[in-house]
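Undergrad: Take a look at the letters that make up each chain.
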Amino acid sequence: DGGITQSPKYLFRKEGQNVTLSCEQNLNHDAMYWYRQDPGQGLRLIYYSQIVNDFQKGDIAEGYSVSREKKESFPLTVTSAQKNPTAFYLCASSPRSGQNEQFFGPGTRLTVL
Amino acid sequence: KQEVTQIPAALSVPEGENLVLNCSFTDSAIYNLQWFRQDPGKGLTSLLLIQSSQREQTSGRLNASLDKSSGRSTLYIAASQPGDSATYLCAVRSPNDYKLSFGAGTTVTVRA
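Residue numbers (the numbering used here), protein chains in the order written: chain A, 15 to 127; chain B, 1452 to 1563.
Just so you know, not all the hints are guaranteed correct.
Unchecked claim - Taking lysine to aspartate or glutamate and the EDC-like style, the derived pairs with C-alpha atoms no more than 16 Å apart in a straight line are:
1) K1550(B) with D44(A)
2) K1550(B) with E83(A)
3) K1550(B) with D73(A)
4) K1493(B) with D52(A)
Said to hold, decoys possible - To spell it out: a stretch of chain B is covered by chain A in this simulated footprint if at least three of its residues, at any positions, have a beta carbon under 8 Å from a beta carbon of chain A; those stretches are:
5) 1479-1488
6) 1491-1498
7) 1548-1561
Stated by the list, open to error - Simulated restraints, written as ranges between beta carbons of each label pair:
8) N1473(B) with K85(A): 36 to 42 Å
9) R110(A) with Y1527(B): 30 to 36 Å
10) Q64(A) with P1533(B): 39 to 45 Å
11) G1534(B) with I74(A): 42 to 48 Å
Calculated directly from the structure, the hints in this document are not laboratory data. Note that CB positions come from ideal geometry on N, CA and C, so glycine has one too.
Looking at chain A on its own, in the form it has when it is part of the complex (with noise of 0.2 Å):
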């Protein structure tokens, strides 16, 4: 079955700790994506990526980091550095040409201890 998967569904952290979530797919999609949503509010942007070993920031990309070694995977690092890191995290894939629909993940809820 073709889609995007992350894992761990949910996670727990200790304030000081850095944890990183895991998006794969496996949809020949160029252009990768993190979202961040909080109860309330819309989607925000935190990176993504259009190519492997290329990345840009979104608009809230501040305490996170992420990587694109390979071009179906997209891993995001939330670090200390992020001062409220708990919210629904989630990933998403595009295709670079063509209509660019996106397509997400079932998504991470992280929780702060």
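Fit chain B to the supplied structure of chain A, relying on the hints for placement.
TA: Leaving out everything else, chain B in the frame of chain A:
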């Protein structure tokens, strides 16, 4: 900066009634607009994508219209069912940009 607004934030209708969901955006220079559905605690499911050159798109009971000049899109869901209960989000992509700007969503409850 593109701002996307969805009003109302919540909507409750009896089963069988037609749903009308609104989305407005501040910059009419868009590349496309996407409507998504989100169930509680889940990811987003793409419903419809309308290119900037199109006026509407249809899929089954869903119809989305786009009026760029007024900065508006409307999602119509015909003959609503309890299974249509979810949050519906619209998102706009600007030209020369891969980013989507999202509205906060409209949470729909269809009462049986």
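Undergrad: Which hints from the list above does the structure break, by number from lowest to highest?
TA: Violated: hints 2 and 11.
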